[in-house]
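Participant: Sequence:
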Amino acid sequence: MTNTRCSGRCFPISGFQVDAVDQVVLNLQDKVQQTWQPGDQIVVASTDYSMHQAEEFTLLPCSHCRSKQVRIQGKPQYHHVGEIIDGVDMRAEVALLSRNILIYGEMENSCYGKNLCQFYSHDTYGGHIKILGNFSSVHLSHVELKNMGQQAEQGHYPLHFHMCGDVDQRGGYREPTYVDGLSIHHCFSRCLTIHATNGLLVKNTVGYDTLGHCFFLEDGIEQRNTLYHNLGLLTRPGTLLPTDRNETLCTSIKDKVYKGYTPSPSTECKAVSTFWIANPNNNLISNAAAGSQDAGIWFVFHSSSTGGSHGLVPETKAELTPLGIFYNNRVHSNFKAGLFIDKGVKTTNASAADPREYLCLDNSARFRPHQNADPSRPRVAAVIDTLISFKNNDLGAWIRGGDIVIRDSGFADNGVGLSFASDGSYPKDEGSSQEVTQSLFVGESRNRGTNGGQNKYWGLGGADAKMRTLPRNRTFPIRGFQIYDGPVRLTQSTFRGFIPTPERYTSAVGFNLKNTWQLTPQNDLSQLNFHSTVDLRTFFGRPGQWFEENDLDGDKNSIFHDVDGSVTGYTDSYVGRADNYLIQHPGCVTMSQWSGVICSGRYSQVYIQTQGAPNLSLSISRDEYPAAPLVLRGINSQGALSQQYQPILMMSKSYTLHWSGPAPREVVLSLINFDKDDWVLVGLCYPSDTTFQIMADINDRQSNTFDDLTDYGTVSSLVELEKRPMERKYFFDRTVGLLWLYLRARHGRDGHSYCSARGCERVKVMATTSSKQTCNCTSKAYPKYSKTPSAVLPMPALNTQPCKGCGAKQLVFSSEPWTSYLQTQVKSLSSKEQQKGDNSSFITVNEVAMPFTRPGYFLVSVDACSGKVTKKTSFAKMDAKMEQYLKTGIPNRSIVLMATRGQPEGLVGVAPHLVSFGLTKAADLHSKESLALWGFRGSSSPPPWVSLQAGQRDEFLGLQERYLPLGLDAYGCTPPEGQKRKDLELLKKATGLQ
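Its first residue numbered -5, the sequence shown is counted upward by one per residue in the working numbering.
It is possible that some hints are incorrect.
[To be verified] Okay, derived cross-link-like pairs now, BS3-like style, lysine-lysine, Cα gap no bigger than 25 angstroms in a straight line:
1) K778 x K717
2) K915 x K69
3) K108 x K124
4) K717 x K670
5) K460 x K717
6) K862 x K974
7) K915 x K25
8) K826 x K460
9) K830 x K881
10) K875 x K865
11) K450 x K460
12) K871 x K830
13) K862 x K881
14) K723 x K798
15) K450 x K69
16) K108 x K311
17) K140 x K124
18) K830 x K875
19) K108 x K250
20) K862 x K803
21) K781 x K723
22) K311 x K983
23) K798 x K781
24) K723 x K670
25) K717 x K766
Hints were generated in silico from the structure; no laboratory data involved.
Keep in mind it's a predicted model, so treat the numbers as computed, not measured.
Let's have the full structure, built from the sequences with the hints guiding it.
Facilitator: Structure, rendered in structure tokens:
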């Protein structure tokens, strides 16, 4: 296993486990021999769904260990990944907990006094360090804090910067105040609290096994703080704030709610996070959130400053404030989500009107970054750059708001990899852009986990169909990218490892389950690459567990736009639900495995608001498919006086709208995502005695004013109406009960806005009638208004050429993005595999396959500095010629890959010669039938990735994949001139230190 810059946290690069107690050696990323000493305590993070698989060890003396190795006492209970798997860096963090200076709280043997002993059996009353403002300087380095913090007292934390104001150059400090290399572990109230303090630098610090939010920004006004290369893991629930609490604590602690009110855990609590960031204008660079009860990193948005900061400074408008630097952070082994950007906290005290506790979680905030936090100024994109997210039980990342860009990021083994949610809903939300680019999504990787450590589910899965730990439930439908709301742009990204099982749907692209909400047809997917291990590219759900009836309004309107055909093979096509005939035509292609249909056309939404008719369902029929109406129940609760429906319609078609009860007295139809001159013809069902007042207007959302008010006039027939589509006219067919009118966009849209630059174009229908009859005109409307189905835009031809430039350019998504990696695959083939019909044997380097068809040995040499293949050689058997080649034929500084085919002669004789490629000793190859080697020829110590795999009888090797670092000093390589570490450059920028 490994470490990067081991003053605080460490990343494992490769590891091996020996059955014998006290014989396990960890391979580390950096040299630690001078600083990590026998007797020191370390912690190795979980690389599975359960954070409780983190393990502590004591270091033992190790005379044979190299500078990047340590020996541990005992042996691990769980598997800790030490490599890059399927392109995603899953190496477990290893952190040194011991320091020469120890500050600790003196503990009693059990909980006592008023220390919340109803929840804790152990003493939670530790020491605390509080730093107040107006100090000369504070620079705290390499100190160990243990048994610190107090659950019974707010403000008593292991380390607390309390209302210090500006502590960087802006506050008059020549060098910013900093915390460096601290170890904060087994503490009782957070790790480090930043309260009304700006410009603090926190780096190389470990927070392990603590209660409540660990790295905690408190009141929503804290800005310009920089968190660099910190590690938090095993973040447990606490009691202090509602957001710290789990379900039991949430419902039990009621001293600050109004008169016996019982809090709702799912909406008010259950948010404890390793990094709790209460203002977006802070910098997170190269941090790791490696296990929390709820979230790894949570950005929460205070609508106003809270606590002691309230009124201290002008309100910061956190929701509108641009995001600081977010680069190269990793989140894994969190129960709820790796990264969570959403929600706020309640900023008023409990009252009869709102009995919830002050500072409980609140769903009112929506992140909308603008220049200078001014909504009248241009939007500023929030950039999530180089996020690694894996083994999070629910969500790799949940992000609400806009504009937001995720790039160069890797997601693997999450319940759902990534889900965006929109800024809000029309008409409040003006529309925004959310984009994912140059990223990798892995459904189920070769990291199969360990059955234990509070992992609940164990079952078959993955490309190898072997037993593995599972997120959520054995039947949970795993999805890589989840479409919800929109508009979203997913482009230049790669999917691998999405294979359904008889128990579980596993799809690369999916939809939010049981969705009542709107979806836009402007969710654009393009330049995607689907690995051969993707069996289900997209899935629209089926009735059953998790999907329930799969019949809510959002479920029925699920759709996305395949811009270039990289998902479906059909350029400029739309993929929707197979049973939604509002979006179809006869040329559409049904995809039964997806429960979907691929169609051509133009699509937009009509947002329908009603007043004065509760409990109505809306039935919409397209005149070409009257026997297949779409029935919507509305997104508001049944019984609400107003209701909202948001169907997606094919443009240039006609539809009739019917109700499950008396017609609403008022209907407003808004044109959402209509481009200029887009239109649909709609007929609304009303009683024959109805009189109408119909008008058009444009709603300016910023000022909430209405312009261009225009009344509609009447015409005598539908034929006349169709002759005058540009005019504001309507026709009421009294014999059928249909009010016909055109919805046509007269103004163009800008970018991702839902509405035109002028505002939202609407048509308002006010109806007067004495009738109470149910207004469903279907039986009278058809066949009178039936039409022959046709395509507005014909289906394009199926693409036959490979998708050029599709997928992410990177093959590896690493927490060391400044290091280049070589993707290698070795496929050896035994005689028995050939007898069973397998005929493929090859070595692949960076997706370039080099097959070999003759029995024997195949060797490929790769320059370890450049990654270029330098030699390819095969031998029928181990003989003098092959022996000489192994001794002298391979250049120095070479990565050596070897595969076998058949059962080649001389396997036993090969073994001694492989020691020169880095193996510790000659392997026993008696009775072996196939080999796969990753070796190194060089003068330096062998790298930890050197390995030899052997198969025999029915133990087939199959396809073996390894990712090997290139260009390392350890190989004898010279770094390229001008090479820069982006994280260090960003750290300089964030702190102002050059």
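Participant: Within 25 angstroms, alpha carbon to alpha carbon, are K723 and K670?
Facilitator: 19 angstroms, holds
Participant: Under the criterion that the straight-line Cα-Cα distance not exceed 25 angstroms, is the pair K450, K69 satisfied?
Facilitator: Measuring from Cα to Cα gives roughly 23 angstroms; hence the hint holds.
Participant: Given the proposed pairing of K450 with K460, does the C-alpha separation stay at or below 25 angstroms?
Facilitator: Roughly 17 angstroms between the alpha carbons, so the hint for K450 and K460 holds.
Participant: Against the 25 angstroms threshold, does the CA-CA distance of K717 and K766 hold or violate the hint?
Facilitator: 34 angstroms, violated
Participant: Can the restraint linking K108 and K250 be considered satisfied, given a maximum Cα separation of 25 angstroms?
Facilitator: It holds: about 17 angstroms lies between the C-alpha atoms, which stays within 25 angstroms.
Participant: For the pair supplied as a hint, K862 and K974, is the alpha-carbon distance within the 25 angstroms limit?
Facilitator: Given that 25 angstroms is the threshold and the Cα spacing comes to 22 angstroms, the pair holds.
Participant: Measure nothing beyond the straight line between the CA atoms of K798 and K781; if it is 25 angstroms or shorter, mark the hint as holding.
Facilitator: Violated: K798 and K781 sit about 41 angstroms apart, past 25 angstroms.
Participant: Starting from K915, check that the Cα of K25 is at most 25 angstroms away, please.
Facilitator: Status holds; Cα separation ~24 angstroms.
Participant: Run the distance test for K915 versus K69: straight-line Cα separation, threshold 25 angstroms.
Facilitator: 23 angstroms, holds
Participant: Can the restraint linking K108 and K311 be considered satisfied, given a maximum Cα separation of 25 angstroms?
Facilitator: Violated, at roughly 38 angstroms.
Participant: Does K717 sit within 25 angstroms of K460, going by the straight-line distance between their CA atoms?
Facilitator: 65 angstroms, violated
Participant: What's the verdict on K717 and K670, does the C-alpha distance respect the 25 angstroms limit or exceed it?
Facilitator: Holds, at about 19 angstroms.
Checked against the numbered hints above, the structure violates hints 5, 9, 14, 16, 18, 23 and 25; every other hint is satisfied.
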